[in-house]
Amino acid sequence: MSTTAMPTNTKWWNGGRSPFNASYGKVMMWYFLMSDAFTFGAFLISYATLRFSLNDWVDPNHVFNSFPLAGSANLPLAFVSLMTFILIFSSVTMVLAVHEGHKMNRKGVEKYMILTIIGGLAFLSCQAWEWTHLLTHMHNVLVTGPQGMHIEQWNTTVSHNAFGLEADKASVLSSLSHSSPAALRDLIMEEDHSATLASLQNLSLSQLVDKVTPMINEGAVHVSTPGPISFGSYFFEITGFHGFHVFSGVIINIVMLAKTKLKHFELRGHYEMIEKAGLYWHFVDLVWVFVFLCFYLI
Amino acid sequence: MSAHSTSPEITFHPEHTGGTKKIWKTFWLLSVITIIELGIGLSIYTIHKGAHPNATLVLMFKGVVCILTLAKAYYIVSIFMHLGDEIRNMIMTIVVPLCLFIWFIIAFLWDGTSWLNLRNTDAGSREYKKTEQVQKQQPTEKGAKD
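Heads up: the protein sequence lines correspond to chains A and B, in order.
Each residue of the first sequence is one higher than the one before, counting from 1 in our numbering.
Each residue of the second sequence is one higher than the one before, counting from 299 in our numbering.
I should point out that these hints are in silico values taken from the structure, not numbers from a laboratory.
Take these hints with a grain of salt, some might be off.
What the hints assert, rightly or not - Each pair of labels, with its calculated beta carbon distance range: (1) A:W12 x B:K319: 25 to 35 Å; (2) A:F241 x B:I389: 21 to 31 Å; (3) A:D168 x B:K319: 53 to 63 Å; (4) B:Y426 x A:A128: 14 to 24 Å; (5) B:L355 x A:S206: 40 to 50 Å; (6) B:W413 x A:S206: 43 to 53 Å; (7) B:N415 x A:R268: 53 to 63 Å; (8) B:N387 x A:S46: 29 to 39 Å; (9) A:F247 x B:A371: 18 to 28 Å; (10) A:D168 x B:V394: 22 to 32 Å; (11) B:V394 x A:I114: 36 to 46 Å; (12) A:E191 x B:N415: 51 to 61 Å.
Since this is a predicted model, take the numbers as computed values, not measurements.
Virtual Cβ for every residue (Gly too), placed ideally from N, Cα, C.
Make the full structure from the sequences, and use the hints.
This is the structure:
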């Protein structure tokens, strides 16, 4: 967009001027973001290395298939698309704030900063819901313990991954009588939607086994084996680190909004601080593009 | 440019006072790429659900998604972060160090593949066989630890 002609024959490296034609603060913000890119890059590459070293990984469409208020509907990719669009849109409002800053329009900067902050908060709320869902939602897993195989109910944590390969029918059938009544009730309710916790409460373990056995034989009820433990650690580490960046970005944006309202930038004569905060915010969006790719798409 | 000089070190200011057309164009471009990515993601999901997933096709789709992601990254950095409007020196001081990623990715994915090979051949002492198949006969110890 360099419609202003660049002065020809400028001796950029002769001193007296920035060889990058940018202020110290802006160049340092870029260098910080570059180093941060290597931090995130190292996390994501280590995740990829581990994935490449294993025969089986987790199917993301199986893990991330829920949506708030949608109950147990199978909606792969839906919620994460919402999060992605929220972040892209808040990136647009941020760049519009920077644009208004170039025009020295304080009211415009304020309006778009508020929209950006709202976008950031919306993204953080989505992430909070997603984490809560993973940490509280239980899945039936065929676990091999000292007394043989039994079915346990696991959530997704840094030490538990319920999304391994599907267990074979014979193992599941032989494990039923060693499993807890709660796990069997859950299996029945997964298939038979007319069954309620109250109606199954009084059944003995053997009655529950009789009820669930045909369901397993028909292949209507699925039980998985434990998946690679590292999935949870990587997921929570990387999305947590990214979420922390979003959080600090929101804080920075709030400070910038306050400074704009107090006319600090107007008195200074330029809105370069908004530009620098914007660089950070766009970087957060940039990282999400790669997190989205590595954890949800492939 | 109506803004005053931000710093005496800056030789000239790129023109920024134009319209917002370019920004919105980029927004639509990013949205369309994301929708294509989601479409491919859902195709991969459908392929996996089928009886005989075509591994080559899945790999190809994953490669396409990676390329689309790089395109998105390019547009975010170039347009939203205005790196495309900076002078060549500035662009190079950021882009050249990032080339380290080329080595970084190749080296570590290579390492992961080698690790998989060692895992599936017991460090080269037997025929290549997925360990998962071996584990099924003698159920996992891992579950007990969890």
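Here is what the structure says about each hint:
1. A:W12 x B:K319: 25 to 35 Å: For K319 of chain B against W12 of chain A, whose Cβ atoms are near 31 Å apart, the range 25 to 35 Å holds.
2. A:F241 x B:I389: 21 to 31 Å: holds, 27 Å
3. A:D168 x B:K319: 53 to 63 Å: Holds, since D168 of chain A and K319 of chain B (Cβ atoms, about 59 Å apart) stay within the stated range.
4. B:Y426 x A:A128: 14 to 24 Å: At 44 Å between Cβs, range violated.
5. B:L355 x A:S206: 40 to 50 Å: Because 47 Å falls inside the window, the suggested range holds.
6. B:W413 x A:S206: 43 to 53 Å: Since W413 of chain B and S206 of chain A have Cβ atoms about 46 Å apart, the given range 43 to 53 Å holds.
7. B:N415 x A:R268: 53 to 63 Å: Holds - the Cβ-Cβ distance for N415 of chain B and R268 of chain A, about 60 Å, lies within 53 to 63 Å.
8. B:N387 x A:S46: 29 to 39 Å: holds, 33 Å
9. A:F247 x B:A371: 18 to 28 Å: holds, 22 Å
10. A:D168 x B:V394: 22 to 32 Å: violated, 53 Å
11. B:V394 x A:I114: 36 to 46 Å: Since V394 of chain B and I114 of chain A have Cβ atoms about 37 Å apart, the given range 36 to 46 Å holds.
12. A:E191 x B:N415: 51 to 61 Å: violated, 41 Å
The structure fails hints 4, 10 and 12 (numbered hints given earlier, in ascending order).
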